[in-house]
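Visitor: These are the residues of each chain, in order.
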Amino acid sequence: MKEYILLFRHENANGKVSPEQMQQWMKQQMDWVAGIAAQNKFVSGTGLLFEDAKVVNHQKMITNGPFGDIKETLGGYVIVKAESAEEAAEFAKGTPILMGEGNTVEVRQILTH
Amino acid sequence: MAENDIIPHLFRTEYSKMVSVLTKSFGIEYVELAEDIVSETFMLALDVWPFKGLPTNPTAWLYTVAKNKVKNHYLRNNTFKKKVRHILEMGMLPEEISIDFSEKNIVDSQLQMLFAICHPSISVESQICLALRILCGLGLDEIADAFLSNKENIHKRLQRGKKKLKQLGIKIEMPAENDLNERVDAVLHTIYLVFSEGYYSESNSRIIRSELCADALNMAYLILSNSNTNLHSTNALLSLMCFQSSRLEARMSDHGDIILYDDQDRNLWDKELIEKGFYFLQQASKWDITSQYYIEASIAYWHTVESTHPDKWTSILLLYDVLLTINNSPVVSLNRIWAYSKVHGALQAIDEAESQDLKTNHFYFMLMAELCRHFDEGIAIQYLSKAYALCKTNAEKDLIQLKIVALQTKQMV
Chain F
1069 MKEYILLFRH ENANGKVSPE QMQQWMKQQM DWVAGIAAQN KFVSGTGLLF EDAKVVNHQK
1129 MITNGPFGDI KETLGGYVIV KAESAEEAAE FAKGTPILMG EGNTVEVRQI LTH
Chain E
37 MAENDIIPHL FRTEYSKMVS VLTKSFGIEY VELAEDIVSE TFMLALDVWP FKGLPTNPTA
97 WLYTVAKNKV KNHYLRNNTF KKKVRHILEM GMLPEEISID FSEKNIVDSQ LQMLFAICHP
157 SISVESQICL ALRILCGLGL DEIADAFLSN KENIHKRLQR GKKKLKQLGI KIEMPAENDL
217 NERVDAVLHT IYLVFSEGYY SESNSRIIRS ELCADALNMA YLILSNSNTN LHSTNALLSL
277 MCFQSSRLEA RMSDHGDIIL YDDQDRNLWD KELIEKGFYF LQQASKWDIT SQYYIEASIA
337 YWHTVESTHP DKWTSILLLY DVLLTINNSP VVSLNRIWAY SKVHGALQAI DEAESQDLKT
397 NHFYFMLMAE LCRHFDEGIA IQYLSKAYAL CKTNAEKDLI QLKIVALQTK QMV
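Chains as they are written, first to last, in the working numbering: chain F, 1069 to 1181; chain E, 37 to 449.
Any given hint might turn out to be false.
Stated by the list, open to error - In silico lysine-lysine, PhoX-like type, Cα no more than 20 Å apart, as pairs:
(1) Lys140(E) - Lys88(E)
(2) Lys1070(F) - Lys1109(F)
(3) Lys395(E) - Lys422(E)
(4) Lys1109(F) - Lys1161(F)
(5) Lys88(E) - Lys1109(F)
(6) Lys1109(F) - Lys1149(F)
(7) Lys187(E) - Lys199(E)
(8) Lys103(E) - Lys1095(F)
(9) Lys1122(F) - Lys103(E)
The hints are simulated quantities; they were obtained by calculation from the structure and are not laboratory data. Please read all numbers here as calculations on a predicted model, not as lab measurements.
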């Protein structure tokens, strides 16, 4: 079994998503995670804060950042276990994040050994 | 996870506060940036809360995330940096950027935002859309639903309004003292339009309708909260809207049909709102002036009084006489004739109605039908048919149709 990271990217949703929809997404997101966990394939996941985010460059200089564009945000990730990228992508289809127009989920395998 | 409606609840209360504070900090030309930041803040909650659960203080969480998003934007956008540096009064370091989410600054920012949006040079349609979007946190879908329009049109209307705000460089500040009364009146006018849109809306959505009424009340409370704008007219309008809101539930059937005053279930009237209406009416009477809102609120007050009260209809008639001197409109005249019929009887009221030139809208024919129906069902049905042909909304057509059928049934008995 391999591990895949699913990265959630949002587009600017200003005014296009109602708070009721957001509430529903939050519930669906929890159900979605619970569904993956029920198959014993959920590894971990959370949102990524920009707060105190740092970038360290090749000269070991530490700067504040990265600064996710306000209009397109790397908002969170989930790590799942799957036999193939296809299976991981099937999982990705289930997240309500994708109900937002312009939002995407990037699926990448995590090299474990 | 806590309640099922935590996000809608937070959105309704916090969106407007955060957008107002940020826009006041940046200047009106950055209103969209402020909206984007707040909107993205809520999206981030969606990424984090499902895994970590609700933060202990969700509001504080939102404020912190929004502040950080401002810092990020400041650091990476040089134009923004140059332009807002002096406004934010910050030194060189982003750590020093201070966005003030104190209770006082929130209320001040919202009130000043309301004045900016309701600036006389903005069209009233745009004012309403901007107020609903920015100060009430309604989405494009909801606004479109309320106005029986579509998202694209509402979007355009909002854009036009924002463009105008920017072009004119309208400041987010309190109006100058010598303009204050006039500016408050303009804001109240827009608020009352929002309220009426909810109260008389043709939208079938019950939720959006009570939402608009509640939003209008909230905006009026905002004006009341500042001692400079706590004026006669503010109290009078609040009183009027409280009295009208108290009948909102009773006014609509489960199927969305209109239920007229006489047929309403008084148990559905909201007692608390009636008490508030009375309180603000008393407050408004402390000024030695009168106004259209004040007279209308007084009429609305008498409508909450039992029909058996001997002074009820004579008082209402008297108030309509005064109202006519301020606002001589067909609607006021027709309502006055209804009060007249309660005092002098239907026959005299029919003479009174016929002596005036009021045949232009369907309310006239509905009123005449109501006055005639006890003497002559046939004529009443004719009047109703004319009203049916003239009225524009389906809810009204249904109501009139029901009345026609009821009279026809009565005729047959």
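Visitor: Starting from the hint list further up, note which numbers the structure goes against and sort them upward.
Guide: 1 and 8
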